[in-house]
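For the sequence shown, our numbering assigns the number 1 to the initial residue and increments by one for each residue that follows.
Derived from the structure by calculation, the hints contain no laboratory data.
Just so it is clear, CB atoms sit at the ideal spot from N, CA and C, and this is done for glycine as well.
Each hint should be verified, as a subset may be incorrect.
Calculated pairs, DSS-like style, for lysine-lysine (alpha carbon to alpha carbon, straight line, at most 30 Å) [stated by the list, open to error]:
(1) Lys153 with Lys135
(2) Lys78 with Lys150
(3) Lys135 with Lys78
What follows is a list of derived Cβ distance ranges for each label pair [stated by the list, open to error]:
(4) Leu114 with Arg49: 44 to 52 Å
(5) Thr86 with Gln111: 39 to 47 Å
(6) Glu89 with Lys150: 36 to 44 Å
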Amino acid sequence: MDSATNTALVKLLNRQANSASAQLPLSFFKSGQFLCLTPNCQGGLILQRPFYADFVGSGAAVGSSFDVNCTSVYAIGKVEFCVPATYSERQQAFQQRMAYSQQLQDIVGEQAPLHRSILMLNQLSQWVGAEEVTKIPDELVARLAGVLTKTIKVARKTSVQATPQGAMLRASERLLES
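Let the sequences and hints guide you as you build the complete structure.
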């Protein structure tokens, strides 16, 4: 693709990624076009596959041959795409993608499903922020962690209760019940 086509594609994807729907066109991911998320973007993508899901965060490669078998794409937070212009930029984007994959693999390697779920929620909070994580559907987090949806629901409750904010929430709930 030429530079003008790449620029138009990046503008289109950036506009769609930050719209209210949070769904991106699969045609891009099946086209083989190589892009990456900007290194300073404050969001990420959950790429659903037939049997699992991947996370792609800031600075990581997206598209190309990595993502031709995506079944859906979910944007989290503010996502910005760019075209890596040099070999070095492409290599760096690929390495960042591999780093995200390795972190997911480390979490999925945990034996206990509830522990795995809590680790996944914590990792997502580090990547995109706790507020954004609350907006991600349980089904998507479950696919990332390799657990049942109900395990994510329990993990979310456990995580909230384990934080100081969770204690404040429980205290305010008791006041409302009184």
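Subject >> Hint numbers contradicted by this structure >> reply: Hint 4 contradicted; others consistent.
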